[in-house]
Amino acid sequence: MRPLPVADPGTPELRSAWRFIGWLMARQRASVLLGILWGCGWMIAQALVPAAIGAAVDALAAKNTSAFTLDCMAVLGLGAATAVTGVLRHRRVVANFLDAAYRIIQLISAHAARLGNTLARLLSTGEVISVGTADVEAVGGAIDMTGRGSGAIAALVVVAVILLSRSVPLGLVVLIGGPVMTALVGALLRPLHRRQQAYRGLQGQLASRAADIVAGLRVLRGIGGEAAFSARYRDQSQDLRHTGVHVARTESFLFSAEILLPGMFVTAATWIAAHYALHRAITPGQLVTFYAYTSFLALPLATLTEAADKLVRGHVGADRVIAILRLRPDITDPASPAREPGPGAALHDPVSGMTAAAGEFIGLAAADPGEAAELADRIGRYLPGTDPAGAVLGGVPVADLPVATVRSRILVAANDAHLFAGRLDEQLAGARPATERTTLAALSAASAHDVVEAVPGGLGGHLAARGRTLSGGQAQRLRLARALLAEPEVLVLVEPTSAVDAHTEARIASGLREARRNRTTVVVSNSPLLLDLADRVLFLRDGRVDAEGTHAELLSASPAYASAVTRGEP
Amino acid sequence: MTAPNEILPVATGAQVRAHVWQVLGTRWRELAAVVALYASATIAGLVPPSLLGGIVTDVQQGTTAGRIDLLAAGIAAALVVQAVLIRFGALAGAKLGEALLATFREDFIGGVLALPLSVVERAGSGDLLTRSSRDVSTLSVTARRGVPAMLTALLAVSLTLGAIALDSPLLVLPCLVVVPPVWGAARWYLRRATAGYLRENASWGVLTDSLAETVDGARTVEALRLGPARRDRTDADIAACWAAERYTLRLRTFFLPAAEASYILPLAGVLAFGGFAYLRGWCTLGQVTAGALYARALVAPMDELIMWLDYLQIGAASLARLLGLAQVPPDRQAGSARPADDRLRVTDVSHSYIPGHDVLRRISLAAEPGERIAIVGPSGAGKSTLGRLLAGITGPDRGEVAVGGVPLIELPLGDLRSQIALVTQEHHIFAGTLRDNLTLGMPDASDQAVLAALAAVDALGWAEELGLSSQVGSGGAALSAPQAQQVALARLILADPHTLVLDEATSLLDPRSARRLEQSLSAVLEGRTVLAIAHRLHTAHDADRVIVMEDGQISESGPHRELIAADGPYAALWRSWHGEARSGRPRQAGQPGEAVHDAVDKASSSAGSGG
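Heads up: the sequence lines are chains V and U, in that order.
Take 96 as the starting number for the first sequence in my numbering and just add one per residue.
Take 175 as the starting number for the second sequence in my numbering and just add one per residue.
Be aware that a few hints might be false.
[Unchecked claim] Keeping only pairs whose Cα atoms sit at most 25 angstroms apart, straight-line, the calculated SDA-like set for lysine to any residue is:
{"#": "1", "chain 1": "V", "residue 1": "K158", "chain 2": "V", "residue 2": "I257"}
{"#": "2", "chain 1": "V", "residue 1": "K158", "chain 2": "U", "residue 2": "S729"}
{"#": "3", "chain 1": "V", "residue 1": "K158", "chain 2": "V", "residue 2": "A282"}
{"#": "4", "chain 1": "V", "residue 1": "K158", "chain 2": "U", "residue 2": "T237"}
{"#": "5", "chain 1": "V", "residue 1": "K158", "chain 2": "U", "residue 2": "S342"}
{"#": "6", "chain 1": "V", "residue 1": "K158", "chain 2": "U", "residue 2": "S620"}
{"#": "7", "chain 1": "V", "residue 1": "K158", "chain 2": "V", "residue 2": "G172"}
{"#": "8", "chain 1": "V", "residue 1": "K158", "chain 2": "U", "residue 2": "G285"}
{"#": "9", "chain 1": "V", "residue 1": "K158", "chain 2": "V", "residue 2": "L373"}
Honestly, the hints are just simulated from the structure, not real lab data.
In this text the structure is predicted, and so the values were computed from the model without any measurement.
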C-alpha cells in the first residue's frame, strides 16, 4: 500500500469541477488505471457466467456428461476469478478514494492557512467543515466509481459480443437498446440532480446550524434558549426531511425505471429468442443465456446509473471544493515588490503620525481603542487593498513588500489569537524551534509559569483547543509567551494584559520590557502599569497622535490621556 | 500524534439495537407497509425465471408460438408489477427513513443542548462537531440507502430460496452448503469490524477537528506563520486516519473473497446437482434451468447484503456515537423545593477538579438581595470556579450553594435561570438575526423590551443602524468584541434574573466603554443582587462589599473604604494598580521594572501573612 499522505498535494486544476476531478485522478494515474483494470476483470468474469450456464444446459440437453462437467468447472472458475479481482479492485479503489480525499483536505487546510483572515469573513467554519467531510466524500466517491463504472461498460461489450456471436439480430437489439436505455435513465437523472443540490444545500445549512450550536454551547447553557435553538434546528431538520422525501419521489421513479427499462428490453429479446429457439435457430441453452442476461444486464446498467449519480455528486462536491480553493486573500503581494529594508528599521505610520525608532518600546494609548486596533492592523498590513497610506518600515511602505516578508518581520499579537490543540511546548514555539530555556524565559516574561502547571503534563502535556481548559487570563498569558517566543523584529501587542489581575500585570510589565530589550515593541493598551514602563507613550485621538511623552508627563500634560487611562477616577 | 481528548461516551451495540427497535416500534405500521411492498415486488420478480423454465421445457418438447407469446407477456406483466411496487416501496421506505433520520439528528441536537457544560469542555468541540456533521451524514446514507437496500436484499434472498424450494426441494441443499463457511467468515469479520470502524471514525474526527482549528484560527496561522506547522499537523492526522483505514481494509481483504465465493457456490452446486438429477431423470430440464436462474438471482442481493453489511457497521458506529450523548450522566437532579426568597448563600464550600487539589477551600458567603459584591484576587485564586458554583452551573464537591434555602443544583434549569444568570468573558454571536441573539432566554420579548435592553447597555445606536432583523454571526454581519459583549449583557437584562454573576464580563472592553457600560448597568441592575468577579479594581470601588480571594479562600471582606483603611492586601493591590507606588519615581534607564516589582512583591508578601 502506498504511503499517505503525499508530501506535496500539488497545484490543483481549478478551472472547472471536472478538470479538478481529472487532476485528482492524474495524480495517481497508475493506481486509477489498475482499479479500472481489476474492475473490468471483475465484471467480465461475472458477465461470462450466463454463457457458461447456457452451455451447461445445452450439454445436459445433449446428455454430454463430460462437456457438462467442464461447464460446471467453468462456472466455479469464473466465481474464483470474480472473488480475486473483486478484492483487488476494492483495495485499489479505496486507496484511490482516500488519496483523493486526503489530498483535498491537505489543499483546503493549506489554503485556509494561506487565506488567513479572508476565509473567516467569507465562510463559516461549519461550511468549510461540511466541504471537508461530505463534499470530500462525494469527490472521492466519483473517483472510487471509475473501477466499477469502467467494468460495467466492459461487461456490456462482452455481453454484446456473446449475443452477437449467437445471433446478429438479437445482438443488435442489445447493442442498440443498451445505450438507449442508459440515455433514458440519464434523462431521468437531471431533475434528480437539481433536487439533490437543493438537498445538499439544506444539509450544509443544517450542519452549520449544528456547528453554531456546538460553538456557542457554553453561552447557551448559561443564559438559556435551548428550546428556541432546538426548535429552530428542528424546523430546519424537518425542511431537510421534506426535501429528502421530495428527492426520494424522483429517485423512486428512477429505481422503478432501473427495473423496468432493462427488464422490458431483455424480455423483448428473450421473446424474440424464444421464437428463434422454437424454430431451432438457437439452442435452448442459448435461450437460457439470453434470458440470464436479463438479470445480469441490470447489474452493469445499475452500476452505470450509480456511476452517473456518483459523478453528479462528485461534480457538486468538486464545485464546492474549488469554490473554496479559488478564494483569494484580500491582501496580496505587490506586483513589483520593493527592496526589503535592512535590519534595525524604524517604523512609521503616516496616517496617525506614529513613529517607533528601531529598538524602542512604545506605549500606545487611545481615546477610542477601535482606532488603536486599526492602527495595529495597518502596521501589520491586515487591512485589505494596497493602501498608499499604509505603514512604512525602514522607509519602505509595507504595502510594497511581499506579505510573507511583512509577516516575518512584524507580528501583531491580537487578543483573540487562537491557541491550537497540541503539545504545549510545540504550540508555544509555533513556527520556530525553541529550546526549553528560551521557552521558559518567555513564559517567565509573560508570568505564565502557573499556566504550565495547570496543563496536565506541563510543557510536554496537551493543550486543549482554544486553551479551553484554561481561564481567560491564563490563555492570554500563553498567547503573550508565544508572541515573545516568536522574537519578531517588530512586535505589536494589542491589550496583552486585559484579562489578568493587577498583581500579575505588574509582573508582566517588567518581564515584557526585559524580554523585548532593544527590539521594537508597540504595546496597545490603556493600562497605566504597562504605559508607565514604555520609553515613550503616544496618545491617539481622532486617528492622530495627539500627545507624546512619558506616562507621567502625559498624565499631567493631557487631561484626555489621564481620563482615558485612569478612567477619570479620583 | 493523537490528541488525548476525553472523547464523549459511545453507546454499546446492545443499546443501539434497543434504541433502533424502540424507535421502529413507534412506526411499525409504516415499516410493515414498506416490508409488504418490497416483499410483493420481490415475489413479482421471481415469476419470470419460472416462466422461462416453462419456455425451455416447452421449446425442448415442442410448442406453439402462441404459448411462447403468452409466457413472454406473463414475464412482461410481472416486470410491470415489480416496477410499480418498487416505486411505491422506495418512496414509502424513504419517507420512513427521512422521518427516522430527522428524529435521530433532532434527538442528538437535543442531547447536545442538554449536555452538562463540564463534559463539553473536556471533550472539546471537535468531537461534537464530527458527531453533528460526519456521523449525522453517515447515518443519513445508512438510513436513506443502506437500510432499504438491506431490507430488499434480505427479502430477495429468503424469497428466492423459497422459490427454489417450490421449483425443486432437492435444489435447496446445495444453496445451504455455503451457510456455515459464510457464517464463520462473517462472524470473524463483524467481531473486529466495529472496533475498527469506530477507530476509523475517531481518526476522521481528529482530522476534522484540526481542519476546524485551522479555519477558526486562520488569522493566527497567518500572523505566526504557522502554515507549515498546520500542514504537518494535517499530515500527521491523515497518517493516523490512513492507518485506521488500512486496518479495516485488511479485514475486508480477507472477508470479501469469502463472501464472493458464497455467491458462486450455490449456482455451481444447483447446476451440478440439478444436472445429475436430470440425467437420472428425477426432474425436468426446465426445473434445472429455473433452479440455476434462481441461484444466480441470489448473487445480486447477496452482494448488496454484504456491501451494506459493511456500511451498516459504519452507520451503527455513527449511531452509537450519536446515541452516546445519552450516556452522559446529568449534572443536576431537580427537586421539588422552590426558593423561599432571593437570598443566595454559600455554606462551607470546597471544590476540586483534580482529587486532592482543592481549588476552593471552605468558602462561606451570603449575598443580601440587592447587594453588589465584587470578588477580586489574583489569577488562579478560584474566582471563576466560585462564579460557576454561584451560578449553579456546577455543584460543589462539598458544602452547599443555595438560593432561598434550596441548593442551586436541585433547581430545574429553567427556574435556576429565572433566579441567577452567569455572564462570562466568552461571548458567541449565533447565526441568526440580532433579535434572535438577544432574546435567547426570552423568546417572547417585545421589540420594545429588546430596544430598552439595548439602550441600557448603550448599544442602541449601532443596533438600530444595523437593524434588529439583520443577520449576524457566521455568514452574517460581524460584530466587534465590545458589541458582542453588549449583546451578551442585553441578553441578561431581558432574561431578568434577580441575581447576576458577572465573571470578568467587561474585561475585554476598553476601560472607557467598560466604565460607560457599568454605569448603564448599575441603573438597570438597581434592586438586583450582583456578584461581579473582577480583576480591574474599579469594579470593586463601586461595590457595596469587596471580597478578596487568594489561593481558594476568602482573605478579606468589606466595603472598599474599610479595606483601604485596613491597609491589607486589597489596599496594596489597589495602590499598585493605580501606580501610586511609582508616583514621583525617578526614571532609571537600566531597570525600568524594578521599582514596581518590589512594590508588588511587598504587597503580595503582606497579603500572604495577612491571609
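To see whether the hints hold, each was checked on the structure:
A hinted pair counts as satisfied when its Cα atoms are at most 25 angstroms apart, and K158 of chain V with I257 of chain V qualifies at roughly 24 angstroms. A distance of roughly 106 angstroms separates the Cα atoms of K158 of chain V and S729 of chain U; the hinted pair therefore is violated under the 25 angstroms criterion. Only pairs whose Cα atoms come within 25 angstroms are accepted, and K158 of chain V paired with A282 of chain V is rejected, the gap being roughly 48 angstroms. For the given pair, K158 of chain V sits about 21 angstroms from T237 of chain U by alpha-carbon distance, which is consistent with the 25 angstroms threshold.
Distance hint between K158 of chain V and S342 of chain U is fulfilled; the C-alpha atoms sit about 20 angstroms from each other, no more than 25 angstroms. A threshold of 25 angstroms between alpha carbons decides the hint, and for K158 of chain V with S620 of chain U the separation of about 91 angstroms lies outside it, so the pair is violated. The straight-line distance between the Cα atoms of K158 of chain V and G172 of chain V is roughly 22 angstroms, inside the 25 angstroms bound, and the hint therefore holds. Proposed proximity of K158 of chain V and G285 of chain U is contradicted: the alpha carbons are some 69 angstroms apart, above 25 angstroms.
In summary, the hint linking K158 of chain V to L373 of chain V is supported, as the alpha carbons are separated by about 20 angstroms, within the 25 angstroms threshold.
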